[in-house]
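S.K.: The lines below spell out each chain.
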Amino acid sequence: MTNLPALTKREFTSNFYSPMAYVIATFYLVFAGLSFYILLKDQRDANAMRSLLTFLGFIHTIFIPMVTMRLISEERKSGTLEMLVTAPVSDTEIAVSKFLGATLFTALMIAPTVLFTWVITKVGGRPDYGMIKASYLGLMLLSMAYIAIGLFISSLTANQIVAAILTFVLLFTFYFLVGFLTGSTDSLPLHAKIPWSDILGYLHFGAHLQSFGKGLVDSRDVVYFASIIVLGLFLTVKSLESRRWR
Amino acid sequence: MIQVSNLTKRYAGFTAVDNISFTVEKGEIVGFLGKNGAGKSTTMKMLSCFFPPTFGSARVAGFDCVTDSMEVRRRIGYMPERVPLYEDMRVEEYLDYRARLRGVPRRQRSHAVNEVIATIGLKEMRRKLVGSLSKGYRQRTGLAEAIVAKPELLILDEPTAGLDPGQIRQVREVIKELGKKTTLLLSTHILSEVELTATRILLIHRGRIVANGSPGSLVGGAQGTRRFHAEVRGPVPMVEAMLKGLPGMRGMSIQAGEEWSRFTIDTEPEVDLRADVAKFVVDNGWDLRELREERMTLEDLFVQITRTDEAGAPATPKAEA
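Going line by line, the protein sequences match chains A and B. Take the first sequence: its letters are residues 1 to 246, numbered as in the working numbering. Take the second sequence: its letters are residues 1 to 321, numbered as in the working numbering.
Pulled out of the complex, with its shape left as it was, chain B reads as follows (with noise of 0.2 Å):
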């Protein structure tokens, strides 16, 4: 449905997308996850034919979304971040306006208006003033405006900005609705959102891809090593000594306490060491407050790419779905 073959976007003096390839597949949801600034609504609005890229090209539907913008406009539905409407109109009406404009025949209209007013759950607000409504509902009349032409592409970028959790929860059970029926590509930094709804990831950073897969193939190639907490009563030298005798030890740091010390160790991938270190501990008369395992979250994933490549090592791919 997308391909996106070495895309770059430079404004004067500043690489917003720099050299990003990734395609989506029909009937894929994909997240486009990244911090505020990282590319991911610049290179949406390339994907929506709003301006084109420097260099590299983007194709939807097998339509370049340069040469053959118009084609491609007939088959997304867009909805960007600031939700952008016609304030002086009402929700029918505009809805009407929108789906006249993207082609959808008059027969047709009034039936297509009113099945996105139901899916969407704006039927209580069909005759308001758009200007009059709520974050949530302008939100969803924004979702509902991308939807009425049945598009054969949704980008959303960062849809639930700005709503209180109960419209978050509203909004994505929409989104995961509508990933039923239509290709999906959901811009948004907020990772538990993503692991919900996406069925893959993209992460960009800094204008590149820097990750690209389902979220849990991308938390566990991420994770490489496994990591363990340990809090122990007992003398510190020889609990270290004990642990580092352990087979499969990588690595291990300790924070030693008046009374308590807590030792976090890392391991081989395959290695689980609880059941050593409890007996280790028990049989030599030391206490045991504390021993569990970490696991590591799309946070953790984003947080830990996004600071090695900050700290000057280069950012590189990971795992390919």
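The shape of chain A in the complex, shown without the other chains (with noise of 0.2 Å):
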């Protein structure tokens, strides 16, 4: 892992090189900017906070496939996953290096919403700092784990919309598709219990975000986004290994 430093660095400050990166940011503040307005005129406390950051769990289903897309597709389209892997680099270095750097993008992304936790205390709020703090953690694990399942597509295609497009169908299908087909979302009416909906509630990623939302960080959920953060990585290093099979 001695190259991780240096290709880490490479794959963070590489999104500041393309406009794409500036425009998905710029987006995904306004968005956030006026989600937040409208749930503080709601609701003018810490709830306002929490609801926030609940619902950007659910609109990072579609900012994340924005930031994976390009990672290894781009590499694999443009030649120079071919540099990278002639290089005594190893392909769980690339994977992990890719997956913090995008890592890093998402939390600098994120970074500017703590400034609304101020805005709260200016309109006479009281904000619970535990519960903002751990709603950001749940935040972040979630990101993380949408970042790992966007590696691993981005890694079977060189095709970058391809790769948005794949990505955002499975974390919409696990975000929202699986709650609302096992009503294990409190949002959303409870139309029809199917076949195995426990198993399948289990795997809804919304689910494991509504302790965070509370307060509380529970190892079950922290182990569930670690579970699929691993899996997601050793998909992705597997995808890179198939070169070698084919």
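Because the hints were derived from the structure by calculation, they are not lab data. A quick note: this is a predicted structure, and the numbers were derived from the prediction, not measured. Do not take every clue at face value.
DSS-like, lysine-lysine: derived pairs with alpha carbons at most 30 Å apart [to be verified]: (1) B/LYS150 <-> A/LYS9; (2) A/LYS77 <-> B/LYS35; (3) B/LYS26 <-> B/LYS180.
From the derived model, a few chain A residues whose C-beta atoms are all more than 12 Å from chain B [unchecked claim]: (4) SER51; (5) THR54; (6) THR103; (7) ILE161; (8) ILE165; (9) LEU170; (10) LEU203; (11) SER211; (12) ASP221; (13) VAL222; (14) LEU231; (15) SER239.
Just so it is clear, CB atoms sit at the ideal spot from N, CA and C, and this is done for glycine as well.
Once you've looked at the hints, go ahead and assemble the two chains, each given alone in its own frame, into the complex.
M.R.: See the structure below:
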């Protein structure tokens, strides 16, 4: 893992060479700001922050695929992947560095929303910092799980648009559809319980974010997100290694 | 430095490299010749550990390209045909990054980058974005990247592809200089280039090595016969009879014209019949307009081998250096 710092630095800084990253970050902040404004009008207290972070978890199903779509598919298309894998660098280092680079960028994208807490104090609200910290931790873990999935999808194709759409469909399914089918989300009516709904309910992203929103850091939820991250990275390494089997 | 043994690469329904074996000694500059799609790049990708062979083995500096891939990658500099580079980095920054990945220690990195920039002639471009470079400078940046960590073996896939004649000459000079310090495997389909730079040639056709030797030994070995051209004004049957009577004749073809006729004469390799032909023509009172020997070039050899194989005959390995 000696090359990890160099690879991660390259991965993180490469975001700022592309106008796409600025566009994504700007839209994200505008979207988060508007959502916060609407929520704040409704609930003039710390709940606005909790609702916002839960809502951002859902919105990340759209924004994270835009961050991850280029991670490997761009290198595959431009041929730089050949340069990378023929250098003395392991496939694990490549996968982990790309994951860390995207994670740092996402953290940077989310960071300005911390200021919203200060806004709450200015309008007379009393933020519950413990709950907010837990919500941020949950949002970051959720985003990292999204990134690991997006990274794997990006390793499968040289087409960034295909990578983005596939990642979005997968994230949307696990955040929204699974919750809808199993009734494991608070915000949706229990339409129909389907077979294996308990198992599917466990896979539902949103369900694992709920305790963080209440200020609880449940180890089961942490393990759940960590498992998805490890699985995504493992599959990415296997996908990179697949050139050796073909 | 390189030991390739029964190397084969198969894709679905297609054999790109078919059971090839060869060795490259330390310090050699070996030209890897072949048409587009002959299997040059596939072989180089296997040697650079991009993908493994279907069968057979490739070893670099004693390390297996599959089982000791990391050791092999530490010892090679590889420049793929497309020269993929990070367009968003500056030349200097890119070379520093690649030197770091290739294990050049932090204290030596700046010196290594400056040295390679001076060697390759990138001084004026060092602060430029890679994406804004011309084709020639991109090629040079790729070359600089391949040598920045001072590898034991350099694998260059079509290093002059797409360059103008001036740029080709510059890159060729750089390659010649590099060849003095390191072992070099260089692929190209430009024959004149390999004649000028390589000490040995591997000719690959349809995934098989069909010739292996120095440029001189290959051409000499392939020639087998000597060929002369004569353009004579005189009665064709009489000239033909006279030429057929000469010692060491192997064959002849005639292009009869209204006035001048062209005779192409193949003889034993040791026979030079130019003096005899000139004497006969003059003695018989005919006229001679041209009398010359045809020297076979590497290009002729290449065409001869690839055409023979395409006609259905099996391509046979030629002279071993």
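S.K.: Each hint needs a verdict: does it hold in this structure or not?
M.R.: Hint check:
1. B/LYS150 <-> A/LYS9: holds, 24 Å
2. A/LYS77 <-> B/LYS35: holds, 25 Å
3. B/LYS26 <-> B/LYS180: holds, 11 Å
4. SER51: holds, 38 Å
5. THR54: holds, 36 Å
6. THR103: holds, 20 Å
7. ILE161: holds, 19 Å
8. ILE165: About 25 Å separates A/ILE165 from the closest Cβ of chain B, which puts it past 12 Å; holds.
9. LEU170: About 28 Å separates A/LEU170 from the closest Cβ of chain B, which puts it past 12 Å; holds.
10. LEU203: About 35 Å separates A/LEU203 from the closest Cβ of chain B, which puts it past 12 Å; holds.
11. SER211: Nearest chain B Cβ is 41 Å from A/SER211, so the label holds.
12. ASP221: Holds, because the least Cβ-Cβ distance between A/ASP221 and chain B comes to about 37 Å, which exceeds 12 Å.
13. VAL222: holds, 33 Å
14. LEU231: holds, 25 Å
15. SER239: holds, 14 Å
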